[in-house]
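*Asks:* Build the full structure now, drawing on both the sequences and the hints.
Protein chains: 2
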Amino acid sequence: MANCIIASTSTLHGSEPLAYLQDTLINLYSGIEEILFIPYARPGGISHDEYTIGVNNIFKKINKRIVSVHMFSDPIEAIKNAKGIYTGGGNTFLLVNQLYRNEIIEPLKKAIHSGVPYLGTSAGSNICGLTMKTTNDMPIVYPPNFATLGIVPFNINPHYLDPDPNSTHKGETRETRIKEFHNLNPQPVVGLREGSWLKVYDNKITLEGNLNARIFEKDKEPYEIETGSSLSGLN
Amino acid sequence: MANCIIASTSTLHGSEPLAYLQDTLINLYSGIEEILFIPYARPGGISHDEYTIGVNNIFKKINKRIVSVHMFSDPIEAIKNAKGIYTGGGNTFLLVNQLYRNEIIEPLKKAIHSGVPYLGTSAGSNICGLTMKTTNDMPIVYPPNFATLGIVPFNINPHYLDPDPNSTHKGETRETRIKEFHNLNPQPVVGLREGSWLKVYDNKITLEGNLNARIFEKDKEPYEIETGSSLSGLN
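Chains A and C, in that order, give the protein sequences. The numbers in the working numbering rise by one with no breaks, and the one at position 41 of the first sequence is 159. The numbers in the working numbering rise by one with no breaks, and the one at position 87 of the second sequence is 205.
Hints are all accurate, no fakes.
Remember, identical chains collapse to one label, so a pair may be satisfied in a single copy or spanning two.
Straight line, CA to CA, 25 Å or less: simulated DSS-like cross-link-like pairs of lysine-lysine:
hint: 1; residue 1: LYS288; residue 2: LYS179
hint: 2; residue 1: LYS338; residue 2: LYS297
hint: 3; residue 1: LYS228; residue 2: LYS201
hint: 4; residue 1: LYS288; residue 2: LYS317
hint: 5; residue 1: LYS228; residue 2: LYS198
Hints were generated in silico from the structure; no laboratory data involved.
*Replies:* Here it is in structure tokens:
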């Protein structure tokens, strides 16, 4: 009976962080005053404190208070007692490493499955998939495992980018990378463009936002799905 | 007494694979008829056989024969007996995983340090750094370790891409990613643009090709170096 928003990005070009999700978040966290923040992904290498202050300033606008898991001496207890959770973006390797080192992978999974409202953006969304093997991030640290929360029965590729037909660059396109992933891994991958999110409510998964998403299944041509589509059958 | 070419990419836009390096390779592999190929990175998920056949067709033009390490029952012996080595591009996680699983990290390091001529392109260049933590690749498999050959005393970022000033995409730029790397890791990173390569000969490291490279050192502003510059003091 999960209740999650799994968003491609926290921020859209030209607007404030989370502004495009404001109504969605008021609804997600309805009746909850205090949200537990997981700052481990640390975008741009900022400190956990700086990240938390920035996020608190955003949530203040919708009358929510942020406490961060790094402020607790017992992070497992912090997760167990949380009424709502938000995991922000940054580097997925760093995030997953810290989740394992602090032994909160299982408590977090349990909290989300028990219905604690959860928002993930970027790296915080990546971890909702079966593994972090479709992250775009640089492997700046070696985590104990690539397995993640498995809130949805597939993998997420946030910040999904269509190939640029005019590019002369020889680095792999996102689509090529996901094809390589499928040579070794069976699960589908949802390419979430910036501005899209998945809503997980009870056992239903729905694509929301203004854009289509691109679905990659092993041994199939990739295909587009429209906003409003159900992904409940994808596994 | 290494003798290596560490190239950003195998292929430049609009030209044949390795064409821009042809004279350099004739010189590198001078007097050597048979080159041991390491196909483990498997670009686009092609088979080791397909990859080897393609590379053999390229090397035929400069009168070299390719044998691939995957064709030997004892890959360690294959490395020990090699007169010249080429590690091709593809996925660095896959490459490093296979190097560890086949226990050829140490033999490969020893061969290169003993002066066996070595060419690396893309993933094959990444592994010449201290770690693979500055690869651009997707973590499609979990290798036993991120430590690599350390032929040079810094890290490599192949296919280095300058930020696009017109981009509205909120995924991290390459420069941001390398900055995040430096929050956790001390070694310099050489951003090698497509068309650039490092020549390692004896104890000298030189930037070659037509382009500048971008150097990232911890707690310093990134800076450019011109082709022909020595990197021997960078560590």
